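Chains as they are written, first to last, in numbering that gives the first Met the number 0: chain E, 0 to 396; chain F, 0 to 396.
Heads up, a few of these hints could be off.
To be verified - Ranges of calculated distance between the beta carbons of each label pair, as one might list FRET restraints:
| id | chain 1 | residue 1 | chain 2 | residue 2 | range |
| --- | --- | --- | --- | --- | --- |
| 1 | E | VAL347 | F | ARG227 | 45 to 55 Å |
| 2 | F | GLU188 | E | LYS126 | 58 to 68 Å |
| 3 | E | SER2 | F | SER2 | 32 to 42 Å |
| 4 | F | ASN388 | E | LYS349 | 11 to 21 Å |
| 5 | E | SER14 | F | ASP224 | 30 to 40 Å |
| 6 | E | LEU133 | F | ILE348 | 46 to 56 Å |
Claimed, not checked - EDC-like, lysine to aspartate or glutamate: derived pairs with alpha carbons at most 20 Å apart:
| id | chain 1 | residue 1 | chain 2 | residue 2 |
| --- | --- | --- | --- | --- |
| 7 | E | LYS337 | E | GLU392 |
| 8 | E | LYS209 | F | ASP103 |
| 9 | F | LYS164 | E | GLU392 |
Think of the hints as simulated: they come from the structure by calculation, not from any bench. Only a predicted model underlies this, so the values are computations on that prediction, with no experimental measurement involved. For each residue, glycine too, the CB sits at the ideal point set by N, CA and C.
Protein chains: 2
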Amino acid sequence: MVSILQAVDLIVAQSKNFGCQAVSIDDSLNRVLAEDVCVDRDYPPFNRSAMDGYAVVSSDFNIGQAVKLQLTEKLLAGGFSKSKVVSGTCIKIMTGAPVPAGADAVVRLEDTVENNNIVEFVVTTVKVKQNIALQAEDAKSSDLIISKNSILDARAIPVLAVLGKAKVKVFNQPKVAVVSTGNEIVSVESAILPHQIRDSNSYSIKNFLKKYAINDVTAIHIADDKQRLITEIEKLLDNDILILSGGVSKGDADYVPEVLMSLGVKQIFHRVQIKPGAPLWFGVMPNGGVVFGLPGNPVSVQVAVKVFIEPFIRACFGMETIKPLLLSIFTDKKKKTKLDEYFPCKIVIKNNVTGIVSNRMNGSGDIAATLGSDGIALHPSSMDMIHENMILEFYPW
Amino acid sequence: MVSILQAVDLIVAQSKNFGCQAVSIDDSLNRVLAEDVCVDRDYPPFNRSAMDGYAVVSSDFNIGQAVKLQLTEKLLAGGFSKSKVVSGTCIKIMTGAPVPAGADAVVRLEDTVENNNIVEFVVTTVKVKQNIALQAEDAKSSDLIISKNSILDARAIPVLAVLGKAKVKVFNQPKVAVVSTGNEIVSVESAILPHQIRDSNSYSIKNFLKKYAINDVTAIHIADDKQRLITEIEKLLDNDILILSGGVSKGDADYVPEVLMSLGVKQIFHRVQIKPGAPLWFGVMPNGGVVFGLPGNPVSVQVAVKVFIEPFIRACFGMETIKPLLLSIFTDKKKKTKLDEYFPCKIVIKNNVTGIVSNRMNGSGDIAATLGSDGIALHPSSMDMIHENMILEFYPW
């Protein structure tokens with residue numbers, strides 16, 4: 000039996016690079032960058048007007064009285080002027096347009112009155128660089144802007160677009176198969192007998208993986224029949240990640256570890272000091288892919304995916320380790336075991352403090368235990384009781 | 000000019016139901032439930048063993064000495080027994096199996112030694128209901144378990160699976176079009192001139208909408224040409240939501256409001272007391288759909304999507320209003336305007352406190368301002384300075 004930290008280290012040690020491919024920017028959401036993205040030119044590419052107004056020479060102002068200037072040209076965004084603004088003149092300019100040569104400030108439209116190509120300025124004070132976004136102040140040509148191994152979220156993708164990255168190099172997705180084992184398991188479409196239960200674990204796992212745009216996952220069910228387990232699992236040994244649920248504990252029909260080992264899967268560890276989910280089995284397939292043998296209970300599966308499988312995927316993509324938030328818990332909680340315990344929580348606000356409360360949970364078999372939760376908190380092994388307002392580690396889903 | 004609260008109220012007042020449809024559970028991630036989901040039977044459906052072990056009569060124990068019982072049967076999960084456990088006997092049972100009649104406790108395998116159908120129990124104390132998940136303790140038949148208007152996340156979908164909801168009724172997605180306006184805007188694939196900039200706003204908007212599984216969005220670009228705007232926007236008046244960026248301020252080429260009104264779009268408001276993004280225009284199309292005219296700067300667009308468009312979408316789906324987190328800010332910040340200001344922030348941990356720091360931002364045109372941020376915080380209009388450790392409203396993206 001290993002600790003959670005040992006288990007994660009042993010798992011992450013098996014991480015590998017899945018290679019990379021170029022994808023269209025339109026298909027890049029939640030993919031992980033396999034290249035450093037650098038800036039193609041300065042941003043702004045020129046001194047850009049930040050307002051609709053007039054480009055002026057600031058030294059024409061600040062003389063203690065209203066100023067009138069000759070209007071020489073009108074620019075739109077997308078246009079640009081070859082003229083120079085000289086003292087006594089101004090050029091009308093729209094937000095986003097390049098500030099013409101000679102001008103060193105923009106006075107906004109609201110502070111002006113234009114009449115017969117004479118612009119009267121209602122303000123008397125004008126600062127140098129006022130309302131101008133200076134060339135390269137946002138990003139400098141060829142600087143690194145998005146690092147390799149970053150996930151492409153809805154903030155990163157628009158930056159790729161600005162830089163003209165119509166195609167972007169991302170890591171390939173792993174080939175993943177999910178196997179629900181157990182005689183009691185039937186599919187979601189099945190009529191059901193009283194002693195049976197429908198498969199939910201494959202839905203937990205598949206939908207969690209979509210967080211990393213891992214969308215094409217094979218999912219099958221195999222009964223607790225040793226020969227059928229061998230036959231069916233053998234066909235799945237070409238995967239990068241094989242995730243089984245059920246059949247890894249000490250029960251009479253828990254054939255998964257012996258079946259895997261008979262197929263040449265090397266056991267790295269079995270059992271972890273965690274609740275729920277202690278019977279976790281982890282091994283390496285002959286092809287170098289990994290096998291997670293998860294316990295069968297629904298909460299155990301969801302916790303194991305978060306605590307063990309997500310760090311593996313992130314390591315393969317070269318991503319940073321997830322660091323927990325530290326939040327106050329607003330409920331008490333007792334613990335009977337000496338294990339680290341994870342439990343589902345919801346984020347709430349109480350007396351102007353953002354904290355967490357635990358979900359109602361009747362053990363790891365409770366089908367509704369994580370419903371509406373925002374993540375899992377850690378009840379550390381060393382602590383029998385959690386008291387209200389203690390600070391806990393919280394991992395958002 | 001309206002306040003943010005007034006603007007959101009006026010926007011939400013135009014929300015409408017898009018109708019509903021049945022989708023496969025496999026396609027339901029991030030869709031919004033259009034039906035109440037009730038429990039199909041008790042969970043557990045029977046008194047279920049929570050351990051691999053032996054089903055016993057607890058009154059055989061607690062006599063101050065080790066107990067030996069006759070083993071009468073072995074059950075697997077997925078199996079069930081018609082026999083009764085009577086005093087002096089036990090039935091071997093696996094996690095998940097129904098506890099046989101007569102038994103009122105399960106002793107785990109680890110605490111027993113089995114030999115020739117005699118089971119010796121190493122523990123002497125056994126409590127009634129020990130290691131038994133009682134029928135209906137997780138969920139009771141016909142109780143409401145997931146309410147209409149809930150978003151189907153990776154925790155809700157497994158529950159649908161357990162209940163046998165292979166198809167689920169969800170709200171239809173709105174028909175959405177996104178229009179980037181501006182002569183200076185070119186597409187991501189285009190070669191670019193110094194005074195031009197590539198479209199990024201359509202990428203911000205489209206990828207944000209994927210949060211609600213709104214994946215099929217029309218996106219086009221139209222130059223600042225009044226006649227072309229009229230011709231192209233007219234074709235888009237059959238949408239439920241039309242989102243334009245650029246062309247709504249006071250510039251000479253800001254034709255969007257007059258073009259929309261010439262096409263029969265009724266203005267609800269123009270300009271909001273917010274920074275960035277004050278020039279926001281909002282109206283209603285002849286078909287009852289809504290038009291958001293956003294300013295053109297990238298940060299303005301991302302803030303407007305979060306502050307104005309997301310509440311509209313959630314209202315249409317009947318979802319709860321988003322409540323901000325309350326978090327300490329670890330940076331000072333000055334504000335020059337009298338407006339409510341939103342600024343991008345990253346969640347960090349400092350001295351064991353979870354709080355936020357502001358991203359570097361050179362105004363609303365800064366292409367990199369939101370990169371790596373976790374959401375936006377509000378610098379309230381009433382406050383000139385934000386000081387370190389003040390509690391702010393924070394909206395995760």
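Hints and how they fare:
1. E:VAL347 to F:ARG227: 45 to 55 Å: The hinted range 45 to 55 Å holds for E:VAL347 and F:ARG227, with Cβ atoms some 51 Å apart.
2. F:GLU188 to E:LYS126: 58 to 68 Å: Because 40 Å falls outside the window, the suggested range is violated.
3. E:SER2 to F:SER2: 32 to 42 Å: violated (54 Å)
4. F:ASN388 to E:LYS349: 11 to 21 Å: Once the Cβ atoms are compared, 19 Å apart, the range 11 to 21 Å for E:LYS349 and F:ASN388 holds.
5. E:SER14 to F:ASP224: 30 to 40 Å: violated (53 Å)
6. E:LEU133 to F:ILE348: 46 to 56 Å: violated (34 Å)
7. E:LYS337 to E:GLU392: holds (18 Å)
8. E:LYS209 to F:ASP103: violated (42 Å)
9. F:LYS164 to E:GLU392: violated (34 Å)
Checked against the numbered hints above, the structure breaks hints 2, 3, 5, 6, 8, 9 and satisfies the rest.
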